[in-house]
Amino acid sequence: MFKNIKNDLPASIVVFFVALPLCLGIALASGAPLFSGLIAGIVGGIVVGSLSGSKIGVGGPAAGLAAIVLTAIGTLGGYENFLVAVVLGGAIQLIFGILKAGIIGYYFPSSVIKGMLTGIGIIIILKQIPHFFGYDAEPEGADSFIEMSGENTFSAIWHIFDNLILGSMVIGFIALGILLLWSNVLIKKGKFFEIIQGPLVAVVVGIIFFVITQSSETLSIAESHLVSVPVPDSFDSFIGQFSFPNFSVITNPEVWVVAFTIALVASLETLLCVEATDKLDPDKNVTPTNRELLAQGTGNILSGLIGGLPITQVIVRSSANIQSGGKSKLSAIIHGFLLLISVILIPTLLNKIPLSVLAAILLIVGYKLAKPALFMKMYKLGWKQSVPFFVTVLGIVFTDLLVGIGLGLLVGIVVILLKSYQNSHFLHIEDKSNGKHKIKMELAEEVTFFNKGAILKELDSLPRETYLEFDVRKTRYLDYDIIEILDDFAFKAKERNIDIKLISKRGVVENPPSFIEFFQLRPKSNISLS
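So that you can map any letter, position 238 of the sequence shown is 238 in the numbering used here, and since no number is skipped, the others follow by simple counting.
If you are wondering where the hints come from, they were derived from the structure by calculation, not from laboratory data. Just to be clear, a hint being listed does not mean it is correct.
Said to hold, decoys possible - With a straight-line Cα cutoff of 20 Å, these simulated SDA-like cross-link-like pairs (lysine to any residue) come out:
1. 6 with 50
2. 474 with 507
3. 505 with 469
4. 492 with 464
5. 501 with 483
What the hints assert, rightly or not - Cβ pair distances, simulated, as ranges:
6. 233 with 103: 41 to 51 Å
7. 254 with 382: 45 to 55 Å
8. 384 with 3: 36 to 46 Å
9. 233 with 291: 37 to 47 Å
10. 224 with 345: 22 to 32 Å
11. 211 with 160: 24 to 34 Å
12. 257 with 491: 50 to 60 Å
Glycine is no exception: its CB is placed at the ideal position from the N, C-alpha and C atoms.
All chains, full assembly: derive it from the sequences and hints.
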């Protein structure tokens with residue numbers, strides 16, 4: 001793990017600067033104490049990072065759970081009661097991992113995963129544009145189209161210039177210039193520029209800018225446009241920021257409903273993120289999904305016990321890690337320690353970072369996730385790949401992450417059904433001489449009830465006086481529903497003077513009286529022909 005520290009340490013610093021505002025913003029959007037988001041980020045980095053099998057994934061609080069958390073805190077009567085659901089949700093995730101439910105992640109189509117990454121990239125860009133110009137009405141990390149302020153993603157951008165903060169905008173452009181100069185020019189000039197990352201320089205410049213412009217009437221930046229980490233007065237007040245679950249409500253059925261909801265949504269987001277980060281990973285590592293569920297479950301139990309928000313693996317931090325050159329889980333672990341050390345030792349310094357500087361960093365992250373060339377690439381792959389991709393992207397932009405993925409998956413399933421309908425069989429017209437059509441129908445390797453419509457349509461369209469060669473030699477699995485169709489067709493074929501030659505590995509039969517008897521099936525069973 002330590003052999004890649006020269007890559008992982010700089011990457012962890014970038015992930016730290018990305019994670020800091022997101023942890024605070026998601027806590028604010030969730031109606032939870034700000035410190036709870038930092039706890040989740042610290043546990044997600046140190047604990048989940050240590051236990052996970054992912055080399056480049058990063059855990060922490062997720063925007064996709066913010067609405068669930070906000071509602072649950074009110075429903076359950078307080079944050080301490082809600083924490084019980086977080087602990088139980090983590091325990092349920094452990095059960096998911098033991099039951100090997102992680103395999104679910106492999107069933108999401110590639111086009112939907114690519115659409116998820118692109119949609120998140122677009123959302124990052126759209127949501128960070130207002131912060132870049134100093135319009136900070138919406139908390140960092142939000143991903144829903146309808147915002148807490150009552151605006152939507154596009155109306156917030158439209159109102160930027162009614163709420164523009166000149167100082168935020170100026171340092172935002174300076175930070176963006178530093179990041180572009182660093183990544184496109186300076187990083188090629190020597191090792192120093194690889195070790196000292198552009199985001200770190202941008203943040204330092206941002207703090208210096210804030211300090212030297214405090215007395216300026218035009219360029220000063222108010223506290224509401226800076227990072228806002230809780231600053232304890234003493235060790236006792238620091239400890240007082242931790243909350244602990246009220247286990248007296250554990251018998252409340254509503255607590256268990258929330259716990260299961262958290263476990264289900266957090267597990268789904270994690271598995272989707274694992275699939276996405278594995279695709280982004282230049283080293284093409286494969287994350288063990290069941291181990292990831294066990295790591296996330298352990299993290300959620302600990303986070304809930306000490307007052308933290310629910311944790312998932314999150315794509316924004318994970319992609320920032322990959323883009324910054326992270327190679328092993330050490331990057332995620334160090335980022336967790338950086339969060340812990342900074343909120344203890346330098347919270348006042350962190351609170352001098354302009355949000356527009358962090359927005360500049362996230363704009364670069366978003367662009368790398370949603371490069372324009374990818375849209376043309378997906379379009380050229382054909383409608384079966386492009387339609388689920390674009391539906392997922394639009395769904396994420398105009399609703400939220402989970403709804404967008406759900407829409408993309410639904411379209412993906414429809415595409416699979418259409419492909420299954422089209423590819424169930426191969427039809428060849430071999431001879432039309434002597435007034436008798438000779439047609440060969442060859443079934444595919446696996447034929448299920450999805451293929452009923454296509455096969456039934458072909459059989460019903462056969463003209464009278466046809467000689468049909470029906471070849472099932474390549475078919476390994478034949479659903480009983482299909483055999484019923486063939487059996488009914490054998491009866492109708494006599495009336496239409498259609499002769500059938502059944503070719504199978506069991507032999508050749510002319511005009512079989514019953515397909516069911518030929519395959520020696522009992523009703524409602526299926527057959528493997530291998």
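Distance restraint evaluation - residue 211, residue 160, Cβ atoms, bounds 24 to 34 Å: Between residue 211 and residue 160, where Cβ atoms are some 26 Å apart, the hint holds.
With the threshold set at 20 Å, check whether the alpha-carbon distance from residue 474 to residue 507 stays at or below it. With Cα atoms ~13 Å apart, residue 474 and residue 507 stay inside 20 Å; holds.
Are residue 492 and residue 464 close enough, with their CA atoms no more than 20 Å apart? holds (11 Å)
Supplied distance hint 36 to 46 Å, evaluated on CB atoms of residue 384 and residue 3: holds (42 Å)
Status of the given 37 to 47 Å range, CB of residue 291 versus CB of residue 233: holds (41 Å)
When you check the alpha-carbon spacing of residue 505 and residue 469, does it fall within 20 Å? OK: residue 505 and residue 469 at ~14 Å, within 20 Å.
Does the beta carbon distance between residue 233 and residue 103 stay inside 41 to 51 Å, or does it fall outside? holds (50 Å)
For residue 257 and residue 491, compare the CB-CB distance with the range 50 to 60 Å and indicate the outcome. holds (53 Å)
Holds or violated: 45 to 55 Å for the Cβ distance of residue 254 and residue 382? holds (47 Å)
Do the alpha carbons of residue 6 and residue 50 lie within 20 Å of each other, as the hint requires? Distance ~19 Å between residue 6 and residue 50 Cα, so the pair holds.
Assess, step by step, whether the Cα of residue 501 is no farther than 20 Å from the Cα of residue 483, and give holds or violated. Judged against 20 Å, a Cα distance of about 15 Å means the pair holds.
Would you say the C-beta atoms of residue 224 and residue 345 sit inside 22 to 32 Å of each other? With a Cβ separation near 24 Å, residue 224 and residue 345 satisfy 22 to 32 Å, so the hint holds.
In terms of the numbered hints stated before, the structure departs from none.
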